[in-house]
Amino acid sequence: MLIKCIYNELLKIAYKPRSYIGIAGIIIINAIILFAMKVDGSFYISLVTGQFEQTLAFEGGILNGNLVAFISIQMLIIHVPLLIAFVTGDLISGESAMGTIRLLLTKPVSRSTILWSKFFASAIYTLAVILCLAFMSLTLGKILFGAGDLIVLKFDGLVVFQEQDINWRFLCGFSLAFLSLITVATLALTLSCYSENSIGPIVATMGIILVFTIIGSMDVPVFDRIRPFLFTTHMAAWRYFFDTPLQTKAILHSIFILTSHCVVLLGIAFYKFNRNDILS
Amino acid sequence: MMHLHLTHRMIFIVLFYSLSFSAQNPRVLLHLVNAKLSKAKTYSVDVEIKVDLPYITLQPIQSKLYVKDHKRFKLDTKRIAVLPKQGFLQFNTLLTDSIHYTALFQAFEIIKSVKTVVINVIPNSDTGDVILAKLWIDAINQVVVKTQITTKSSGTVKTEYQYGSQTAYGLPDKIEFLVDVKKFKIPKALSADINTSGTAKTQKKTGVIQVLLKNYAININVNDSFFNSDKKN
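Residue numbers (our numbering), protein chains in the order written: chain B, 1 to 280; chain C, 1 to 233.
This is chain C alone, in the form it adopts within the complex (with noise of 0.2 Å):
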């Protein structure tokens, strides 16, 4: 009995200096959620994405996103959707280049109920796009919990993952997107909306971005070519 309590502590005390270790060494806990994604190479998966944007009235679509290497990815439909042009694989590219980004740990963070590590990633150079990214780290499952990347050309999108079926690759089962939409204003004899008068009504600058994930088909066989077929428009 006495031995089995001493293992126990012993396994707690390895656990709690490893997570601060890695915790500490941003660079050391960066490199596990990679490895964790890293274990699904190619997959695909069901998505629907539901929009709550000013300006744009959509609604939900269910689609099947591929993904290739954490860097390439085809969203397979025809319907009209939307995406946010930054931020949906951005940190997966953030995780893989560990040689043009300095991992700084800054702190300690409750993001609904899990502990979180958060670390700022900062480009070594400054002609890239981006300009900050802060990552908040579930340590424990070594997942990417929230992420909040600024970049020049997209300014600042926040992004929110959480995870079910698939925490064992890192996959979230749900992702939101909390994105900066600038004023919309176009000239009446492009709309044509001839009748209508006045600025527009909403004054919602941020929109969200949901997307759920479901029934993932990991390290599937996809070709290059897939994800370099031309879109239509």
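Just chain B, with the same shape it has in the complex (with noise of 0.2 Å):
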């Protein structure tokens, strides 16, 4: 039954436009930094190399498709959740606002299911998503600019990966990306539980979204405390895959604290909808 209603989600989904704004954002925005890249990627090899270049020469090739890739998934990783929330806000909330959840929930089937079928579904359009920018990102910027060693700027440095190390680290950092975005695709449906029309919980996101980010990214003493417990700070943990030697500490912190958001709004959300007074 649950199979089943997953179907029925996805299918609704896939009838929505909106849901394909978000996959037409990654192909768009992947299109111009390709065709960026393609034209002047050696402008932002300077601001990359241009630290050292007094004192050091760097050889062979380093624009290439896993930079390019690496810098797709850096500047699009912060602006998916915007385009989930979209999608997964709406779950339940556009129910309620066109009148069809009343229709649902007469189903023989359990508020629960419904639920969980919901955030699956929200979960395989996340999927969808992530893997339209992997295809966008690491295979189309390979094909255009072939392989080869990544060199990766951070902030202390630079750290150069050898090619044949670097598809574990992508498929890795895709997987804890890809949690991430599940966190936000069910702090979205969570609040979709709350509200009787679409526009609250995704606005409502996007604003959780942007102000965690801030005080994530405020070197500020005030928020130390409470910034290790944001999810917005775990957003980027996928970066840890990117650093020598691996932050495994890091890594299995961002997993939990991501999990455990996932788990607490889920809870919340299956409290708040099976006590739910169906009035539209």
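Be aware that one or more of the hints could be misleading.
[To be verified] Here are the simulated EDC-like pairs of lysine to aspartate or glutamate, each with C-alpha atoms no more than 16 Å apart in a straight line:
id: 1; chain 1: C; residue 1: 183; chain 2: B; residue 2: 163
id: 2; chain 1: C; residue 1: 68; chain 2: C; residue 2: 224
id: 3; chain 1: C; residue 1: 134; chain 2: C; residue 2: 173
id: 4; chain 1: C; residue 1: 85; chain 2: C; residue 2: 224
id: 5; chain 1: C; residue 1: 50; chain 2: C; residue 2: 176
id: 6; chain 1: C; residue 1: 214; chain 2: C; residue 2: 46
id: 7; chain 1: C; residue 1: 36; chain 2: C; residue 2: 69
id: 8; chain 1: C; residue 1: 64; chain 2: C; residue 2: 48
id: 9; chain 1: C; residue 1: 64; chain 2: C; residue 2: 76
id: 10; chain 1: C; residue 1: 74; chain 2: C; residue 2: 48
id: 11; chain 1: C; residue 1: 115; chain 2: C; residue 2: 160
id: 12; chain 1: C; residue 1: 183; chain 2: B; residue 2: 53
id: 13; chain 1: C; residue 1: 182; chain 2: B; residue 2: 156
id: 14; chain 1: C; residue 1: 78; chain 2: B; residue 2: 165
id: 15; chain 1: C; residue 1: 205; chain 2: C; residue 2: 69
id: 16; chain 1: C; residue 1: 174; chain 2: C; residue 2: 160
id: 17; chain 1: C; residue 1: 182; chain 2: B; residue 2: 53
id: 18; chain 1: C; residue 1: 214; chain 2: C; residue 2: 176
id: 19; chain 1: C; residue 1: 158; chain 2: C; residue 2: 176
id: 20; chain 1: C; residue 1: 112; chain 2: C; residue 2: 176
id: 21; chain 1: C; residue 1: 152; chain 2: B; residue 2: 53
id: 22; chain 1: C; residue 1: 85; chain 2: B; residue 2: 165
id: 23; chain 1: C; residue 1: 205; chain 2: B; residue 2: 163
id: 24; chain 1: C; residue 1: 152; chain 2: C; residue 2: 176
id: 25; chain 1: C; residue 1: 78; chain 2: B; residue 2: 53
In case anyone wonders, no lab produced these hints; they're calculated from the structure. None of the values given here were measured: they were computed from a predicted structure.
Put the two chains together into one complex, using the hints given.
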């Protein structure tokens, strides 16, 4: 029954034009990044290596598909949560607004099953967005620029990864990015349980992400205690896979924080959804 | 027996005086070193580059290095490698250009139990990039053991050479560059390293680039176009 419900939810997502905005956004932004790097990639490279240009010369193909993919993901991963919230924030509140939630709940399926199906459908949608991002950045990047070593620009220096050491890092990075996006999807779904119009949960999710990101990026001691517990702090955790040595402890901590958020938010969503009076 | 002893003595005296003469006449010594190097016009060599630099993390890489006329070189690799901007073949240029530089004998110095002649090379004009070059030359083997080249653009680069298989051509088996690296600092926005705060941990400012060279192929044919081919970046 759950699988059938998930299938129905996926159909609903597929029939909504807004579901394609996120994917279209990723395709367009990626195409712009690929075009910019193809035309003016050397300028970006000079930003990366410029600090050392007086003393050191970098040999080999720095501008390659792996670097372009890394730049694309770095730029897009900040914006993808907003695109995810656009769809997942509408899953329950949208039905409340249209009045179809009443019809949905008259089915011989428990409310929990319906909510689970919406959660899994949003997870599948998120996965589709991540796969689209991976295809556009990695596959197209490698086709256009070729493969090669990856030079990662960090706050305190440069790290160069060998070509054969990159793919697993991208795979793990995308998996952790997927978990962080699932957290956003769960937040939007939870807020969706509290609203009868779709705009509210979407804007609220975006607002929360914005506020938490600002708190996270401010180097002010007063936020030091809460910063590690904000899910937005761990949305860039995928970059830990591009550290050497690998920061296993930090990765596990991020996975724990993000999973904890998902569990708590889902708990709230189930509590609310199971007790909701359907008045629409 | 007496005659043989006398011959040995004569050889020693001639060698001693010739070395002392070349040492006191730095141009002659530079010419001898250059003549030795000139035996190998174009060569290729397998290189392993190990980098220990502040602010840069890079695994060792293996590649092939092509050198032509000791002036042009190309590292044939798709891997990312880091080399010092100055100093790789710079002393060769100084050796061949005897008109625009003045060579001055400074002292004798022992480096790793090798007696070397220290020669200062000063450009006659102040418009060039090189300000001062200091060369430590093993006068017996006629090879450069150490250099310290100060340029306007790159500061000072110290280089040490170790010889083995190709001493006859004056080509080293190991080169070690000691380079100064300026403090690395970039805006967070560019690195997008949003969760990192504070300043860079490392305080080290000098680093070492070690180049191990083996399997020399000397006086091979390599087209000029090979050296002119565009780099990917």
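Original post:
Does the alpha-carbon distance linking residue 78(C) and residue 165(B) stay inside the 16 Å limit?
Top reply: holds (15 Å)
Original post:
Given the proposed pairing of residue 152(C) with residue 53(B), does the C-alpha separation stay at or below 16 Å?
Top reply: Within the cut-off at roughly 13 Å; holds.
**OP:** Would you mind confirming whether the straight-line C-alpha gap from residue 134(C) to residue 173(C) stays at or under 16 Å?
**Re:** Violated, at about 21 Å.
Original post:
Does residue 152(C) pair with residue 176(C) here, judged by a C-alpha cut-off of 16 Å?
Top reply: violated (21 Å)
Original post:
Are the Cα atoms of residue 182(C) and residue 53(B) separated by 16 Å or less?
Top reply: OK: residue 182(C) and residue 53(B) at ~10 Å, within 16 Å.
Original post:
Quick one, are residue 112(C) and residue 176(C) close enough, alpha carbons at most 16 Å?
Top reply: The given pair, whose Cα atoms are some 14 Å apart, holds under the 16 Å limit.
**OP:** Mind checking the alpha carbons of residue 36(C) and residue 69(C) for me, to see if they're no more than 16 Å apart?
**Re:** holds (13 Å)
**OP:** With a cut-off of 16 Å on the C-alpha distance, tell me whether residue 74(C) and residue 48(C) pass.
**Re:** Judged against 16 Å, a Cα distance of about 14 Å means the pair holds.
Original post:
Are the Cα positions of residue 205(C) and residue 163(B) separated by 16 Å at most?
Top reply: Not satisfied, since the Cα-Cα distance of roughly 28 Å exceeds 16 Å.
**OP:** For the pair we were handed, residue 214(C) and residue 176(C), check the Cα-Cα distance against 16 Å.
**Re:** holds (15 Å)
**OP:** Could you grab the alpha-carbon distance between residue 64(C) and residue 76(C) and see if it respects the 16 Å cut-off?
**Re:** Satisfied, since the Cα-Cα distance of roughly 5 Å is no more than 16 Å.
**OP:** Please work out if residue 68(C) and residue 224(C) have their alpha carbons no farther apart than 16 Å.
**Re:** holds (8 Å)
The structure does not agree with the numbered hints 1, 3, 4, 15, 22, 23, 24, 25 stated previously, though it agrees with the rest.
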